Amino acid sequence: MHSTGYVIKFTIIMTIVAGLILSGMFYATEPIAKKNAAVFNKRAILSALTYSMDKPQAEMTDDEVIELFNTKMEQKVLNLKGEVVEGDLLAENLSLAAEAKKPEAERLIPLFTYNGKDGKTNILAVYGSGLWDKVWGYIALKPDNKTISGASFDHKGETPGLGAEIKDDPTFSYRFIGKSLYNKNNEFTSVSVVKKVNNPDNEVDGIGGATLTGDGITEMMVRGINYYLPYLKKNN
Amino acid sequence: MTTEKEKTPLFGPKERRLLWDPLNDNNPITVQVLGVCSALAVTSLVYKSVVMSIAVIFVLAFANLVTSLIRNYVPSQVRMIAQLVVIATLVTIVELALKAANYAIYKELSVFIGLIITNCIVMGRLEAFASSNSPWRSFLDGIGNGLGYGVILIIVGFVRELFGKGTLFAGSPIQMNIIGKSNDLVNYWIDTSGGAMSWYSNNGMLALPVSSLFLIGILIWVQRARNKKLVDVS
Chain A
1 MHSTGYVIKF TIIMTIVAGL ILSGMFYATE PIAKKNAAVF NKRAILSALT
51 YSMDKPQAEM TDDEVIELFN TKMEQKVLNL KGEVVEGDLL AENLSLAAEA
101 KKPEAERLIP LFTYNGKDGK TNILAVYGSG LWDKVWGYIA LKPDNKTISG
151 ASFDHKGETP GLGAEIKDDP TFSYRFIGKS LYNKNNEFTS VSVVKKVNNP
201 DNEVDGIGGA TLTGDGITEM MVRGINYYLP YLKKNN
Chain B
237 MTTEKEKTPL FGPKERRLLW DPLNDNNPIT VQVLGVCSAL AVTSLVYKSV
287 VMSIAVIFVL AFANLVTSLI RNYVPSQVRM IAQLVVIATL VTIVELALKA
337 ANYAIYKELS VFIGLIITNC IVMGRLEAFA SSNSPWRSFL DGIGNGLGYG
387 VILIIVGFVR ELFGKGTLFA GSPIQMNIIG KSNDLVNYWI DTSGGAMSWY
437 SNNGMLALPV SSLFLIGILI WVQRARNKKL VDVS
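Going down the list, the sequences are from chains A and B. With this note's numbering applied, the first sequence corresponds to residues 1 to 236, in that order. With this note's numbering applied, the second sequence corresponds to residues 237 to 470, in that order.
Everything labelled a hint here was simulated from the structure, so no lab data went into it. It should be emphasised that the depicted structure is a prediction, and the values quoted were computed from it without experimental measurement. Here a beta-carbon is modelled for each residue, glycine too, at the ideal position from N, C-alpha and C. You can trust all of the hints, since none of them are fake.
Calculated lysine-lysine pairs in the PhoX-like style (CA-CA distance at most 25 Å, straight line):
hint: 1; chain 1: A; residue 1: K156; chain 2: B; residue 2: K343
hint: 2; chain 1: B; residue 1: K343; chain 2: A; residue 2: K134
hint: 3; chain 1: A; residue 1: K35; chain 2: B; residue 2: K343
hint: 4; chain 1: A; residue 1: K34; chain 2: B; residue 2: K343
hint: 5; chain 1: A; residue 1: K55; chain 2: B; residue 2: K343
hint: 6; chain 1: A; residue 1: K42; chain 2: B; residue 2: K343
hint: 7; chain 1: B; residue 1: K343; chain 2: A; residue 2: K167
hint: 8; chain 1: A; residue 1: K134; chain 2: A; residue 2: K167
hint: 9; chain 1: B; residue 1: K343; chain 2: A; residue 2: K101
Cβ-Cβ distance ranges computed for the label pairs, FRET-style:
hint: 10; chain 1: A; residue 1: R107; chain 2: B; residue 2: R315; range: 47 to 57 Å
hint: 11; chain 1: B; residue 1: R253; chain 2: A; residue 2: K34; range: 44 to 54 Å
hint: 12; chain 1: A; residue 1: R107; chain 2: B; residue 2: S437; range: 37 to 47 Å
hint: 13; chain 1: A; residue 1: W132; chain 2: B; residue 2: L449; range: 18 to 28 Å
hint: 14; chain 1: A; residue 1: M1; chain 2: B; residue 2: R252; range: 34 to 44 Å
hint: 15; chain 1: B; residue 1: W457; chain 2: A; residue 2: A100; range: 43 to 53 Å
hint: 16; chain 1: B; residue 1: L449; chain 2: A; residue 2: G119; range: 48 to 58 Å
Work out the full structure, taking the sequences as your base and the hints as a guide.
Now the structure itself:
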């Protein structure tokens with residue numbers, strides 16, 4: 001049995017040593033981790049453009065991704081009235097989760113514009129709830145701002161093999177390509193995920209066993225794209 | 237301990253047993269049934285299993301080594317706390333390193349790297365072995381148990397990914413499509429035939445964590461049927 005004094009001394013030394021090792025490690029890896037997180041986020045945005053770029057993001061190196069964002073990607077932060085918010089905040093650094101908690105009057109949304117071979121492609125960010133947890137996605141529009149040219153989805157905790165297929169199965173986001181956000185009477189309807197497609201212009205086939213995740217995506221798309229309409233109408 | 241010290245060889249029969257025993261006769265997952273929780277969660281892809289195994293081997297080996305080195309200085313009143321501090325420090329190092337080395341797989345494994353702290357294998361080896369054995373032997377014991385854990389993880393990951401997704405090593409640079417139609421549209425355009433057995437449709441159940449429970453059960457069954465030492469006679 002050691003004395004109480006020894007135990008206290010031992011505990012203090014142990015804490016200091018562990019603390020020093022960890023803080024040293026943290027400061028050594030922080031710049032790399034920050035860069036990795038930024039590239040990860042940029043890749044998520046670019047994955048909506050997979051089928052309209054010469055080289056999909058999966059085949060690009062980290063430096064190419066950063067270079068593309070510096071040269072070909074415009075970023076704007078908008079409010080829900082459709083006005084561009086000036087400031088230092090870059091659209092890619094906007095936290096969708098934090099903005100979703102704010103009241104609509106204060107909420108900000110990011111807008112990315114890619115200057116590619118087909119002209120200016122706007123990429124919208126949408127955020128909503130799936131079955132278990134949050135789902136989000138990036139929707140790329142053709143230069144007419146009415147037709148989807150690409151989409152990518154991600155989720156926090158959907159069921160693997162069912163709801164998680166919105167991310168894991170690339171054929172799901174592929175189904176959105178060419179769908180129109182407007183119906184035949186030119187009213188905004190967004191694109192719905194349904195069990196049986198009756199209206200191929202505005203509906204996509206859902207994933208079997210993931211009806212509620214699909215409903216979540218439908219709701220997220222209607223609400224999320226609606227936020228961008230004031231801006232898109234003004235700038236068309 | 238003092239008399240034995242001079243004769244201890246680097247790789248004597250005892251040391252070899254420390255490395256090989258956990259791979260079969262004393263496997264942490266299939267025989268001791270420890271660390272099953274993480275084996276269910278991270279085995280959907282082989283690549284994830286491999287990264288998780290390397291992380292656990294690193295944590296186990298060094299936690300054993302450090303615990304063994306300080307075993308004569310640790311007051312028995314705070315023994316467990318000291319062990320937890322060692323494990324938590326090592327796990328945080330792994331987490332920070334992974335964040336810098338491969339951010340995508342860090343995101344995929346998410347909380348499960350942090351949860352190595354609660355992996356029963358780590359604490360179990362520290363208590364059962366490292367706190368009463370020499371540093372070198374403890375280090376080998378850590379590697380052996382980590383390998384025993386990793387082997388099961390990779391076997392389960394292999395079956396789950398192959399029949400659940402039709403791929404192997406998805407997410408890593410050597411990702412390949414083995415059976416069924418390619419799920420990757422970018423490559424699908426180039427190679428419409430997909431892999432072998434293009435009629436095969438992915439088995440969605442294998443993507444669910446519950447399938448690893450069945451697979452581990454089957455592994456335990458096969459191992460017990462073949463290994464007479466494991467038959468419970470009592």
